[in-house]
Structures are given as C-alpha cells and as structure tokens.
Amino acid sequence: MNAIEIRNLKKSFRGMYAVDDLCMTVPVGAIYGFIGENGSGKSTTEKLICGHLVKESGEIRLFGKDYTDAGVRVRVGALIENAGCFPNSTIYHNLRMQTINLGLENPDEEIDRVLKIVRMEENANLKFKKCSLGMKQRIGIAMALLGEPALLILDEPINGLDVDGMKIMREILVDITKNYGCTVHISSHILGELEKIATHYGIIRQGKMIVEMTAKELEGRARVFVSLKTKDMQGAKKVLCEKYDDVREEEDFIRIYDVDDAGEIVEFLIKNGHIVSEIKKNKIGLEEYYIELMSKKRR
Amino acid sequence: MSGIEFKKPTFPERIRGMLGVDFYRLFHTPMFYIFLGIAAVIPAMILGTMGMENPQTGAVAEPLYTNTWNIVAAQSPLYVVNSIADYANMNMVFIFGGIMVSIFIGHDYKSGYVKQIFTTHAKKQDYMISKALVGAFSMACMCITYLLGAVGAGIFAGTSFKVNAGSLIIAILSKMIMSLGWAGLYTFLNVIFRKYFGISIASCFFFGTGILIIGAAAILGNNSILNIFLYGSSVFACLSSSIITLVVCLICSLVWFLIYITAGTKILSKCDVY
Numbered sequence: 001m002n003a004i005e006i007r008n009l010k011k012s013f014r015g016m017y018a019v020d021d022l023c024m025t026v027p028v029g030a031i032y033g034f035i036g037e038n039g040s041g042k043s044t045t046e047k048l049i050c051g052h053l054v055k056e057s058g059e060i061r062l063f064g065k066d067y068t069d070a071g072v073r074v075r076v077g078a079l080i081e082n083a084g085c086f087p088n089s090t091i092y093h094n095l096r097m098q099t100i101n102l103g104l105e106n107p108d109e110e111i112d113r114v115l116k117i118v119r120m121e122e123n124a125n126l127k128f129k130k131c132s133l134g135m136k137q138r139i140g141i142a143m144a145l146l147g148e149p150a151l152l153i154l155d156e157p158i159n160g161l162d163v164d165g166m167k168i169m170r171e172i173l174v175d176i177t178k179n180y181g182c183t184v185h186i187s188s189h190i191l192g193e194l195e196k197i198a199t200h201y202g203i204i205r206q207g208k209m210i211v212e213m214t215a216k217e218l219e220g221r222a223r224v225f226v227s228l229k230t231k232d233m234q235g236a237k238k239v240l241c242e243k244y245d246d247v248r249e250e251e252d253f254i255r256i257y258d259v260d261d262a263g264e265i266v267e268f269l270i271k272n273g274h275i276v277s278e279i280k281k282n283k284i285g286l287e288e289y290y291i292e293l294m295s296k297k298r299r
Numbered sequence: 300m301s302g303i304e305f306k307k308p309t310f311p312e313r314i315r316g317m318l319g320v321d322f323y324r325l326f327h328t329p330m331f332y333i334f335l336g337i338a339a340v341i342p343a344m345i346l347g348t349m350g351m352e353n354p355q356t357g358a359v360a361e362p363l364y365t366n367t368w369n370i371v372a373a374q375s376p377l378y379v380v381n382s383i384a385d386y387a388n389m390n391m392v393f394i395f396g397g398i399m400v401s402i403f404i405g406h407d408y409k410s411g412y413v414k415q416i417f418t419t420h421a422k423k424q425d426y427m428i429s430k431a432l433v434g435a436f437s438m439a440c441m442c443i444t445y446l447l448g449a450v451g452a453g454i455f456a457g458t459s460f461k462v463n464a465g466s467l468i469i470a471i472l473s474k475m476i477m478s479l480g481w482a483g484l485y486t487f488l489n490v491i492f493r494k495y496f497g498i499s500i501a502s503c504f505f506f507g508t509g510i511l512i513i514g515a516a517a518i519l520g521n522n523s524i525l526n527i528f529l530y531g532s533s534v535f536a537c538l539s540s541s542i543i544t545l546v547v548c549l550i551c552s553l554v555w556f557l558i559y560i561t562a563g564t565k566i567l568s569k570c571d572v573y
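Top to bottom, those sequences are chains A and B. For the first sequence, the numbering used here begins at 1 and goes up steadily by one. For the second sequence, the numbering used here begins at 300 and goes up steadily by one.
If you're looking for bench data, these hints aren't it; they were derived computationally from the structure. We treat Cβ as the ideally placed atom computed from N, Cα and C, and that holds for glycine. Check the hints yourself; a few may be wrong.
[What the hints assert, rightly or not] Listed below are several chain B residues computed to face chain A (Cβ distance under 8 angstroms; list not exhaustive):
1) F305
2) K306
3) K307
4) H327
5) F331
6) G411
7) F417
8) H420
9) K565
10) K569
11) V572
Take these sequences, add in the hints, and give me the full structure.
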C-alpha cells in the first residue's frame, strides 16, 4: 500500500491544464521530493491532494482510501504556501486552535511536543506576526505535525530560509520520518537540499509526471564524469575529443563524461603535452540530472 | 503500514471540533468584545439625538422616542420606513453582526487558516454550520448588550419604560432567534465572495440593512407576506408581538438558515477553496 496514489489526475484553470493526466506513487515512509519548474503544477497537485482544489477527473487515494475519507484526512498535515496562522494570535493560541479542531485529548502536551520537534519551545507566547520567515515556516511544520500525521504535504518549506534555517528544516524532516514514521511529500526548487533528504523523486513538467524514481535509481542513472583543469583548456579539450565521446567545457572545467579512470586521462594528456593542474571524479547530482532532463524535454 | 490507524471522526466529533475552534477564536479576539460594545452604544446614540439643541436656532429637536422600548422594537410591524424612528431599533444589530461575521470569516481566508481546516477532516458542511452558529451566537450576544445599552440609555434619558412585558420578551427572543437566519445569510455571502474581503463586508451591510424588503414594502405596503424574509420577520418581532410572532420568526430563521447552509455547502464543495 502507498501513502499517496494518484491516477490520471486533471485540473485546469481557464481552459489551461495545470495538472494533466498526472500519475504519482508515494510509498509509506518515503520523503518524496516533488520537482518541477515554476508553473509546472507542483502546488496545484499538492492543493488537490489536500482537498483545497476540486479535481476535474482522476483518482487520489491516501493509504488506500479515497482522499476525502475523514479518517485519513485527520492524519494529514500540510504546509501549503504559508503556515495558515492568525497573525495577531500567539503561536500557542494558533496551535491550540488546531488541537481543538483535531479533537486531541492532551492539547498542551501535544503543543509542547511539536514545538520541541521544531525547536521553538521557548517561543510559544510570541505573536505569530512577530516571527521571522524561518520561524513561521517551522510553526507551519509544527501545525502540520499536530495529531501525529501519517502524511505531511509540504510546499516549498525551505524557500527563503537561510543556511541555518535550511539545516534545521532538513533535520526536522529526517527526524519526523525516522522517529514518527511519517511520509513526507515535499516540493522544492532547492534541489541540493532536497537531494540530502529525499528517498524518492517525482519530476513534473507541464502538469505531467515525466519521471518517478528512488534516490538509489537516481544514483544508478547518474552519469559519472571526470573534471579537470589545464593551462591550455582549448588545446586539451581538442585532444580529449579525439579519444572520448562526451567532452564539454563547463564551469571553468573540462568534463569528460562516462569515464571513471582519472589516471588514464592524466596519462593521455601528458602524452599529448598537457599538464593537468586540477582533477576530480564526480557524479551528476539531482540538480544536473534535472537540468539535463528538462533540456531534453524542451528539445 | 499496518501500524497506522485511521479512525473516522463522526459528524458530532467533527462539528464539536469546528465549533470548538470557532468559539475559542471568538472569545480570544478583541473584535467580538468591540462589537458587543458597539451594540451597547447604539441605543445610547439613538436616544442621544433626543433633546439635542440646534446651535443656530436654539430649538430643541423632537425626540425620536418617548418610550425606551421603542429603541428595542417598533410598536407595530412597520416594513415601510418613513422616518429613522421606524427603522432604528434592535434590527440594526444585524447590520453590525454582518460586518462582524464578514471579518471573522474573512480572516480565515486572509490568514490561510482555512487551508488548515480543509486539509484535515472538516467537511465543507461542518465549516458552514460552525461559522453560522458562531455568527448567530455573536449576534444574539449583541442583542443582549443592545438591550442593556437601551435600558441604560433609557434610565439616563428618563424615557418611559411602560410596556407589555410579554410582548417585549417575545420580541427580544424572536429577534435573537432571527440571528440564526441572518448568520446563515452572512456566512453564505462570505463563501460566495471569499476571495474579495471588501465585497463580502459590503454585501453583508447591503443585505443587513433590509433595503430590498424596505423597497418591496414601498410597493406592497405593510404586507405580512414580507414575513417570509429575514428582514420581514425581524420587523414582525415588535412590541405588539404574540406567541405567533415567535413561531413565525423561528420557522423563518430556521428555513433560511438551512437554505443558506445547504447552498453554501454546495458552492464550497463544487468550487476551489481559494
């Protein structure tokens, strides 16, 4: 059984499909990184899962049940666009309201618990409007964590956060999946951050899912390359092109793709009169994989 | 996976949660107390117009009312409004109540809290019912502070307190009952104009004044057929009320409440939340 299962989901705005025949599978316990360009349909998909938007066709199932099932919905938490808190109320009052809505038996204990998870236990009496962006995002997560949700839907939760904020958020997300068995569906543009935590990926383009894979599969698909620097970059590139199929000059480095043996390359360059000043072996990361995939799709 | 339990909340559990949130919010927001205060001040302002001296002529203005209870309800059902005295009574609470309900619901959307509500188990119907009931409660409370304000103003101004106590009680109770129907209307209007905060307030104010019924009364005259409308029944609750007034108001209020809740639920279910 999967935490989220979407089949042929469609949603349009003024005749334009924002989500077009989308299929998605998110296994229980996964941190599912949902990636796509601006306007690709990420937020719309998440809003549809959360029931904020009305779907035109298709099927959304959460833990094997219809997504409108109140029993499932009570175990769903979300942070879509903003925390959804009243600015003039304190953090405590905002959380308290949600505990009442969820019918939680020990509201104060529950509020303490979620504030500890997001490391804001000292700030309960602070008015929401006085909080920084990072704090607001964490309060949004705390709000979503009330009632021990089985599924968390997070829309760009690390956007606008500083380095420390991103690190805290990353640790929180790993913590809640490991220790609370929560499945997390997270959309983000910051692929470097996503890569550090996601166990599964879904890439969406123009409302359609173009690829779904696990982090291991991404690793398997990722191309290896050797990047190096020489004094005469153009000359070295010309020489390398004679032997290797995919040689590119990128970010002040020459990259030789699908080659694992750096020693062989160094030897070859020396033979041809080029001295290597810097060399490293690397793998294509999520960001590069994504950019490459998108440029292929655009062609 | 087998460890995850899904217990479906029943309708009473869901509505208790929604009502709990809304009442918690109501009692923790200054807006509610401000509107209670406004309701208490209105009668004093109405009575304050009596005995006011014109600074240029020195003439003392005719008092609007000589009997305190006329600030609460008209002597007889007057749908046709000829002067401010025919209009200025407890029914004005429903105008201010409309503005309050608009702000209350508008903040749900403005803050984004509505997303938290609909992400979890709350159904659209629960939302409509809860908002309308909280709105009705607020307006009923405003009726009470209006009454207290009227008594205070009456004592201060020295106006008469002569009245048929039974009719007065029925009139007040009937007006309080009408809060339910009015709250249904305002919740409905706010759901329709949920994306436009200003229009929500303006529409609630417009309908709350009863201007449409007053306009209809200008054509139909003081016709009891107007009692089928919220403003009509609110006017029907006057100082000559009988038990029939109470029954008419109860039926009218309940029927309109159900109509608006059903229509609002349908709209919310068919349309995107925001």
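Evaluation of the provided hints:
With a cut of 8 angstroms, the hint placing F305 of chain B at the interface with chain A holds, because the nearest CB-to-CB distance is about 4 angstroms. With its C-beta approaching chain A no nearer than about 6 angstroms, K306 of chain B sits inside the 8 angstroms limit, and its interface hint holds. About 3 angstroms separates the beta-carbon of K307 of chain B from the nearest beta-carbon of chain A, less than 8 angstroms, and the hint is met. A hinted interface residue such as H327 of chain B counts as satisfied when its beta carbon comes closer than 8 angstroms to some beta carbon of chain A; here the least separation is about 6 angstroms, so the hint holds.
Checking F331 of chain B against chain A: minimum C-beta separation of about 13 angstroms lies over 8 angstroms; hint violated. Taken as an interface hint, G411 of chain B checks out: its beta carbon lies about 4 angstroms from the nearest beta carbon of chain A, inside 8 angstroms. Taking 8 angstroms as the C-beta contact cut-off toward chain A, the hint placing F417 of chain B at the interface holds, the least distance being around 5 angstroms. Checking H420 of chain B against chain A by beta carbon gives a least distance of about 4 angstroms; that is within 8 angstroms, so the hint holds.
About 12 angstroms separates the beta-carbon of K565 of chain B from the nearest beta-carbon of chain A, more than 8 angstroms, and the hint is not met. Annotation: interface hint on K569 of chain B holds; nearest CB of chain A at approximately 7 angstroms, less than 8 angstroms. Interface restraint check for V572 of chain B: the shortest CB-CB distance to chain A comes to about 4 angstroms, inside 8 angstroms, so the restraint holds.
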